[in-house]
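Mind docking chains R and S on chain E? Use the hints.
Letter by letter, the chains look like this.
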Amino acid sequence: MDNCTYEKLDISGLDAWFGDKQALKGVSLRIKPKTVTAVIGPSGCGKSTFIRCINRMHELTPGNRVSGVVLLDGVDIYKSVDSMDVRRKVGMVFQKPNPFPNMSVSDNVVAGLKLIGAASKKELEAVAEENLKAVGLWKEVENDLKKSGASLSGGQQQRLCIARALAMRPEIILMDEPTSALDPASTAKIEDLVKTLKAETTVIIITHNVQQAARISDMTAFFYLGELIEYGETRTIFESPKSPLTERYITGRFG
Amino acid sequence: MRMVSRKNKDRVARWLSLAITVLAIIPLLWIICSVVVNGISAINLEFITGVPAPYGESGGGIANAIFGTLIINAMASIFGIPVGILTGMYLSEYATKGKFSSAIRTSVESFSGVPSIIFGIFAFTIIVTNVRHYTALAAAFALGIMMIPIVAKATEESMRVVSDDMREAAIALGVPKWVRTVKIVLGVARGGVITGSLLAFARISGETAPLLFTALFSFYWPTGIDQPMATLQVLIYNFALSGYQERVLQAWGASLLLVMLVVAINIVVKIVTRQKYKEGI
Amino acid sequence: MANEMEYITKINAEIHEMLQIVDALGERVQNALDSKRRGMKDAAYEASVDIQHREEEVTALCVGSLIKYQPFAGDLRAITVALKVSYDLSRICRYLYNITEVLEEFEVGACEVNDVSALLKDARSMVSMSLTAYFDKNRSLASEIIERDHSIDERYRMVLSAQRRAPFGSGDCILLNGLTARIIERMADHACYISSETAYLVTGRRTSYR
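Residue numbers (my numbering), protein chains in the order written: chain E, 1 to 255; chain R, 1001 to 1281; chain S, 2001 to 2210.
Bound-form chain E, shown alone (with noise of 0.2 Å):
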């Protein structure tokens, strides 16, 4: 592979469904490493269930299926990865903030590490560190380590949850509306930190605030019904469109 036709991510033909309802039809992209990719699209247009293709959590819910490949630096992660691995390598961060609340916080960065037994304890408390200052949140807990993950402020503890998917170093980052149960201030600093995150790994975040896609994102994916509608440049995307649909959704013209 040479360096202008490398793609951290290669998905094609992508369907999924729940039980009988096909949530995902034929998605195909490709994605950079080191961008910041945003999904966005109407509630139920396949979004989530797209980005819970890619770290196979679509497929824990009995009755759920995947077919299509994707390609994670080139290795098919429904075929030749244990699913186990590939959460490892594609981490994830949710709507909710959800840290361990009976970890502490520094416990909680750590919390892959530590129950997969990676790590001496040593090594947990400099990783727990590093990632703690990773995502601004060092300053804020020094004094507070041994505190309940539960403690913290709404913005800190999603950043303590994106400082648990860091600690895995993981090759992707999803992030699934990270920011829409924050406050104005604490989403300007998740937005930050997703900006500063691209320089070490990949990162695909769904959002529904359009402009928020506008501000953090690279490229921008936009589904509708389960169907990739357009996926390109965001400046292009937001300037430009080439679908109607598109035009629709993100100048809010949508139902």
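I should point out that these hints are in silico values taken from the structure, not numbers from a laboratory. Worth double-checking, as some hints may not be accurate.
Claimed, not checked - Once the Cα atoms are required to be at most 30 Å apart in a straight line, the calculated DSBU-like pairs of lysine-lysine come out as:
(1) S/K2068 - E/K195
(2) E/K242 - E/K34
(3) R/K1097 - R/K1183
(4) E/K146 - E/K122
(5) E/K242 - E/K21
(6) E/K146 - R/K1183
(7) E/K21 - R/K1177
(8) E/K96 - R/K1183
(9) E/K121 - R/K1177
Stated by the list, open to error - Among the chain E residues that face chain R by a calculated CB cut under 8 Å, a handful are:
(10) N55
(11) L60
(12) G91
(13) M92
(14) K96
(15) N98
(16) A111
(17) G112
(18) I116
Given the structure is predicted, the values throughout are model-derived calculations rather than measurements. Yeah, the Cβ is synthetic: ideal placement off N, Cα and C, and Gly gets one too.
Okay, now just chains R and S, sitting in the frame of chain E:
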């Protein structure tokens, strides 16, 4: 006019419900008061540290019964609580809609309604009749089984209310299911599990019927867990029916200790629960 | 686009009023030029000041809408284009005023003005058409106007060379024709700018013209 009559109705309803509540509480207070009033005079140093005096002699204590109750309860807990937690964990995290799962769920639910004497007879049949003598182990077995449905139900319910967000967070970190279940879901639910276990402990502390068939009684210090053993419950039963004034008084004293044990456990439960809500789970 | 946003309707109404003022002024300047009459300067100046105020108002409306609605796609283009169209209109108005200045400046009573008069007529019609194309989002009309710019340029150069070769013309007449032709050529350029903005508004792609 209508407003006034509505207000009056409201007032009547309030007084009526208050009166009925008081009526319901009276017997409860009566019991507690008579236990305290009658029991307090029996309690002294010898009562708490000595073994029962031979028939006809005065004095003596119930220390062997206190000790016995604690031993049997401890053994029952060592057996009943882990099994109960595992059962609850299974019901909450692994059970499907299949026949096996529903059989387990049904038996756990109906077990908690079975009269305690049945557990006593069961332990009697499979242990006492085989070893041919009364034994504390059989008592612990019977009480342990009684704890299982209580602990299992409490565990299941408190694990069930753990938000799926927690499970998803752990899944997304690539943590295997059993680690997730034990370290995350059970960890988050631990307050409810502790509460359930304490309540189960309090429940078996009041049971007498299963003990009559199993540990029976002893006037001496316990000599081994496979031997008959004195317990507060059976001591109260024996002494209260003995006809000797002093023994009856000692039965009151033992009752007071038992009530205090149960009340103490309930207070601990209250504290544990309050802490759980403080953590904001 | 299915339905136009209210703020864009409002901005366009303002631009439409600007156009009406420019059109009316254009007609009066045309008459003044045709009859080589003086005394238009003050009225033209007032009109151009009025237009400038209106342009500022359009700018304020556009900025306000950007802040309030953070528009995207067609809506975003509508606003950026409206900003430029209003600016172009104010420039055109300024040029009309410049023509009245030229008329005031020189002794033009005996001059031959047929060529520049026809040039002005053409440029004015280009301005009206470019605004029609803008309001109707008519891309083909917009590109037609851009095509016409070449002929205006050509005729502008013809006027210049005719003046250079005119043996008996007075200096005033040469200056009148030369300056007016130059001003009109610039007016036509702005009509083309408006048209190229219209093309961008409709297609989302910029064909660099400006």
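Here is how each hint holds up against the structure:
1. Annotation: proposed proximity of S/K2068 to E/K195 holds, straight-line Cα distance about 25 Å (limit 30 Å).
2. Between E/K242 and E/K34 the CA atoms are separated by roughly 25 Å; this keeps the pair inside 30 Å, and the hint holds.
3. For the hint linking R/K1097 to R/K1183, the alpha-carbon distance of about 25 Å falls within 30 Å, and the restraint holds.
4. Taking the CA atoms of E/K146 and E/K122, the gap is near 16 Å; set against the 30 Å cutoff, the hint holds.
5. Straight-line distance between C-alpha atoms of E/K242 and E/K21 comes to about 28 Å, which keeps the hinted pair within the 30 Å bound.
6. Under the criterion of a C-alpha separation no larger than 30 Å, the hint pairing E/K146 with R/K1183 is consistent with the structure, at around 17 Å.
7. Annotation: proposed proximity of E/K21 to R/K1177 holds, straight-line Cα distance about 27 Å (limit 30 Å).
8. The suggested pairing of E/K96 with R/K1183 holds, with an alpha-carbon distance near 21 Å, which does not exceed 30 Å.
9. Taking the CA atoms of E/K121 and R/K1177, the gap is near 23 Å; set against the 30 Å cutoff, the hint holds.
10. With a least beta-carbon distance of about 6 Å to chain R, the hint placing E/N55 at the interface is held under the 8 Å criterion.
11. For E/L60, the shortest C-beta to C-beta distance to chain R is roughly 7 Å, which falls under 8 Å, so the interface hint holds.
12. A hinted interface residue such as E/G91 counts as satisfied when its beta carbon comes closer than 8 Å to some beta carbon of chain R; here the least separation is about 7 Å, so the hint holds.
13. At about 4 Å, the closest approach between the beta carbon of E/M92 and any beta carbon in chain R falls short of 8 Å, and the interface hint on this residue holds.
14. Annotation: E/K96 was flagged as interfacial toward chain R, and the flag holds, the nearest CB pair being 6 Å apart, inside 8 Å.
15. For E/N98, the interface hint holds, the least distance from its beta-carbon to any beta-carbon of chain R being 4 Å, beneath 8 Å.
16. Contact between E/A111 and chain R, as hinted, is supported at the beta carbon level, the nearest pair being about 6 Å apart and thus within 8 Å.
17. A least Cβ separation of about 4 Å between E/G112 and chain R falls short of the 8 Å threshold, and the interface hint therefore holds.
18. A least Cβ separation of about 6 Å between E/I116 and chain R falls short of the 8 Å threshold, and the interface hint therefore holds.
Consistency note: the structure conflicts with none of the earlier hints.
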